[in-house]
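**Q** Chains as they are written, first to last, in the numbering used here: chain A, 1 to 345; chain B, 1 to 345; chain C, 1 to 345; chain D, 1 to 345.
Be a bit skeptical, because a hint or two may be false.
As the list makes no split between identical chains, a pair holds if one copy fits it or if it spans any two.
Stated by the list, open to error - Here are the simulated DSSO-like cross-link-like pairs (lysine-lysine), alpha carbons at most 27 Å apart as the crow flies:
#1 Lys192 with Lys111
#2 Lys162 with Lys220
#3 Lys32 with Lys123
No wet-lab data here; the hints were simulated from the structure. Fair warning: this is a prediction, and the values are worked out from it, not measured in the lab.
Residues per chain, in single letters:
Number of protein chains: 4
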Amino acid sequence: MFFASDNGGPVHPQIMARLAQANEGHAMPYGKDAIMDEVRDAIRTAFEAPDAAVYLVSTGTAANALALACYTQPWQTIFCSTTSHINEDECNAPEFYAGAAKLTVIDTEDKMTPAALRRAIEKHPDGNVHGAQRGPVSITQVTERGAVHTLDEIRALAAVAKEYGLPVHLDGARFANAMVTLACTPAQMTWKAGIDVVSFGGTKNGCMAVEAVVFFDPKKAWEFELRRKRGAHLFSKHRYLSAQMAGYMQDDLYKTMAQQANANAAHLAAGLRKAGATFLHQPDANMIFASWPRRIHQALHDAGARYYIWDGSLEGDDPEEYIAARLVCDWSIGKTAIDQFLSHF
Amino acid sequence: MFFASDNGGPVHPQIMARLAQANEGHAMPYGKDAIMDEVRDAIRTAFEAPDAAVYLVSTGTAANALALACYTQPWQTIFCSTTSHINEDECNAPEFYAGAAKLTVIDTEDKMTPAALRRAIEKHPDGNVHGAQRGPVSITQVTERGAVHTLDEIRALAAVAKEYGLPVHLDGARFANAMVTLACTPAQMTWKAGIDVVSFGGTKNGCMAVEAVVFFDPKKAWEFELRRKRGAHLFSKHRYLSAQMAGYMQDDLYKTMAQQANANAAHLAAGLRKAGATFLHQPDANMIFASWPRRIHQALHDAGARYYIWDGSLEGDDPEEYIAARLVCDWSIGKTAIDQFLSHF
Amino acid sequence: MFFASDNGGPVHPQIMARLAQANEGHAMPYGKDAIMDEVRDAIRTAFEAPDAAVYLVSTGTAANALALACYTQPWQTIFCSTTSHINEDECNAPEFYAGAAKLTVIDTEDKMTPAALRRAIEKHPDGNVHGAQRGPVSITQVTERGAVHTLDEIRALAAVAKEYGLPVHLDGARFANAMVTLACTPAQMTWKAGIDVVSFGGTKNGCMAVEAVVFFDPKKAWEFELRRKRGAHLFSKHRYLSAQMAGYMQDDLYKTMAQQANANAAHLAAGLRKAGATFLHQPDANMIFASWPRRIHQALHDAGARYYIWDGSLEGDDPEEYIAARLVCDWSIGKTAIDQFLSHF
Amino acid sequence: MFFASDNGGPVHPQIMARLAQANEGHAMPYGKDAIMDEVRDAIRTAFEAPDAAVYLVSTGTAANALALACYTQPWQTIFCSTTSHINEDECNAPEFYAGAAKLTVIDTEDKMTPAALRRAIEKHPDGNVHGAQRGPVSITQVTERGAVHTLDEIRALAAVAKEYGLPVHLDGARFANAMVTLACTPAQMTWKAGIDVVSFGGTKNGCMAVEAVVFFDPKKAWEFELRRKRGAHLFSKHRYLSAQMAGYMQDDLYKTMAQQANANAAHLAAGLRKAGATFLHQPDANMIFASWPRRIHQALHDAGARYYIWDGSLEGDDPEEYIAARLVCDWSIGKTAIDQFLSHF
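If we strip away everything but chain A, and leave its shape as in the complex, we get (with noise of 0.2 Å):
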């Protein structure tokens, strides 16, 4: 009964399978291994990208943060919404990487609007050396509450930011999570939306820790290998991120995973309104944000289920009381601990 993250799950057979398969005899370091040669074409062709520059880095932060860098100047701000990750969980990386530059938050509940957009870039007036300059747009997919942008909405963000000629990043920690939700495909989802680089995430969706970050226009190859270095995110032993990556996409493993993580929130998340909880925002892919008696809450937490509370309101004691939690479901999780949870309601 483990919903505190996805990050909190195993890696799935088949990447361990090509973790063991990868390690025989000696294979040229820093990504110069033969692994990351067929991950490269094996991303490229998910993404109907033939010029594409693909790489690998271990976390989610690196991914964002990287990716970021490589289209922000120090005097520059980027363009996200509140509750992305890359303002509230990053402890400042972005701005680290890209040189002390700002983040614009954009206010509006969870996902930007067009219009909040457009009234933050416009609030940066283009030739004012007093104010940030105009960066990028950084658009979180599934967002940080569990949300998914249509396409529609992808696109009407990035026609925004073309318009004042900004380039646009996603955040895709959880970009199968989102594919499957929206039944998509990957290029769907990025260039042909008006995406430029891609945080192509792997971690929170059964792998070991591993993100791909791809850049649709590879101009910036040579740039983000330089960054990667100098932020220390460069590997050695490459082939064990490669391995991962490949093992990854091999049978389209990262949307059979993602169909399993979306169908147990799916399954969860009818048990719990049946039950009568309470939906602080709508589970579109494999979040939950929900509410229920504390006392409740007790008899899970005695039974070893495990979830953040989301709100802090936990100093309280009346059982009747309501506490909000978040719960995350991965690949792994059987219905039958999700029954097993839901059968305490």
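Place chains B, C and D on chain A using the hints.
**A** Just chains B, C and D, lined up with the frame of chain A:
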């Protein structure tokens, strides 16, 4: 016949087994996994340092840059040797992590001498606001030219640093290889010799991608955690870093592998010596810098041997001309491969 | 009829005289000049702070960014209002000087409220490594919309900060103008109200280019000196900064000029009010935000009046449409110019 | 008898007069003042560079650090001499402004040699992601040891840089002093010799606090403006920077003052030579490094002479022991003071 680097070899089966074993069920992320407790204990025990703060990262550059950043103000300079990894091979990562601090390279032959270190420190007089201020001293053990500092040499360098109140960092990417050469304990080579913080390498010595940073005084612990997160080096699925290090420490595997690597290098060096190769540096651990005629190089290359040419003189084509080579042995290279290599001389 | 900014006016003759007087013979550079001793004494006396560390720089942005950097770690966030100069008008200088720290903007109407500040601080829970850590609170006095915080308001904001152990900075680019409005002493508006460090502005109030940074606790003194030098803000011919500040403090010239500036603004505001202009903000000191028909704007413009249009609505051409304007009065604007300006209404 | 530095002398009356003249009425801030137009024209004319981008800042360190930052990526290294001001006297400002780039010091005697520069560049092979990448070359003219590069020497260094496609910066804090020595034009010493950007010093040569940064290719103009603002170096009351530079350029005052300073140094050097002092460096412009017995030093000191001891050997008390001194002459030192100084030998 892979001698290009010790980062080209496979992961030891004992470590792979620990990874497989760790891959069961769910675990708390971000270093709260139970295996990390085991690792912390094992490292504290090995270093005879019950209060040490112990952290894991995935690259040696991250270990060095983060460890040094905790002891460096942006207006200071880090004292290191010209040949140090932090100077030559980290693409400004130490400067980046230390907020744009400087490196003062001490231009002696490979190892710093205490006298040269003192001169360099004295060139930065205390209280002179115009120049870079004195910062930490960083010692590389094994050096990037394959030399091992004796315990006396480390003590002497640390003593100079301490005289000026400066902290001392040990870049131990090949820590175990040096230990084996010196037949000493981890404590003797670190805090007992005056080291404040050590990058304790795993990756080059049979791990997949893991280095420990060990602070003998834990007062920098929280700062390190923040710097690690900000640098995008905090692993969510941390148990897989922990598992590697747990396997590495278990039954002193780190020593066993270093013994194998050093023995391999000794066997190779003996053969090369016998074959008349000239040595550029004394091979103290698992690295060899030697020189032989181009025609032998060509034969080795054709037979599939892999190593770095050290002086870039390959443009010529005189078969009697000498080339210089760097050869590094990891734990996994068998005597057969070495003897096959030597057979070309 | 120059109302574009208080940085458009001339330097007061008393300050010019001090500059001329300072220009005799040779003087020790870098702040070791004798006039700086006089300045230090004068500011300590004015602020009733005999131990204060006092430094001079040449721009307000430098004063703010350097002062804040001394109290901000790179992984922290500075709490400020949306309309603060450090957020809107310093092109990421605070982030740059604070090593890529973040600014958390508190989106209230101009002035921060204690409740909003508390909410913003609480959103960054102590000990959460994922988010930006709590850093200093920065209050702008006079605000960039012309409002003056009462002493009670400053005390209340500082009290919230202190409750969380956070330092408090006052951006006093228009310090003297606020003092005059409040009829208070420098000490009352700073350390007696809970301020730890103040940017005490000179440039906008009749100096040429000088701001003092005053630390009430001198423990940051040496760090400031290093940061100032590293930021390229240490003047070699420092006596000319000192002379400006000496002239500014002499016979309370800073108060006299602020009184004149505020009186000018009051006269202008009264006239505008009489003429039926609408006020966007309450003009507490020497800044006015008001609105009137475009045809009046056109007449003023044609007559040579200079001020900033505040809302960018100039694209239209309906003479009855209203435009919003920002007007700032410096000490030197005479009643004649103001009356001439008003005559166009 | 002030020889401590050329930054200890007074501002020339012609410049003070321009400041007084500029101090009338209101002026547009931030470089939009009319005097700046005059300055831009004057500098473009003097440098025979009609398209040059011209900016003013208030310190030499700001000029150097901002100019270099426009040509340096954070992962690059700046090639400079050990004795350069950017290496020894700017407390990591160049590293700070260049986003944590490195300085590679070329350890020749004071001036870089083309051969040593080439070796240093070659040590950073193109396309090697591990080391710092090649960045700009910075030449100091006059050097910090008082030497003047000949035009041939500058051309030869710039030619090496160009061969590798690297930009070249000239730190001309004492630009006019060098020009006078070489009897050349500004253009000959800069773009005609291969310089891309120059810090054209005013402060040390009779101004109050002003340096021009001149880009011969204006494509970096907007980036410089943003970096200057972000560095807190954009003056609001910019007309007072402009007025200084206008006075400095008017009737070639910059040459006149440099001639006076160099003539003063020549007179002093001749006297010292006659008196038997030993010269540590050849005094090419207005700086002298020489050595004499401690008893003479004591007598000079007692008589009020001010200069820096160069080797820190003052702990001894043997009156026959030699001390080394640095003496710098500014434009204002009269022959009387020099002769008075020499009378102690």
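**Q** Is it within a copy, between copies, both, or neither that the alpha carbon of Lys32 lies no farther than 27 Å from that of Lys123?
**A** Between copies, since 23 Å is at most 27 Å while 45 Å is not.
**Q** Can you tell me if Lys162 and Lys220 fall within 27 Å by alpha carbon in one copy, between copies, both or neither?
**A** For Lys162 and Lys220, the Cα distance is within 27 Å both inside one copy (18 Å) and across copies (24 Å).
**Q** With 27 Å as the alpha-carbon cut-off, assign the pair Lys192 and Lys111 to within, between, both or neither.
**A** within (20 Å within a copy, 44 Å between copies)
Going down the numbered hints, you'll see the structure goes against none, and every one checks out.
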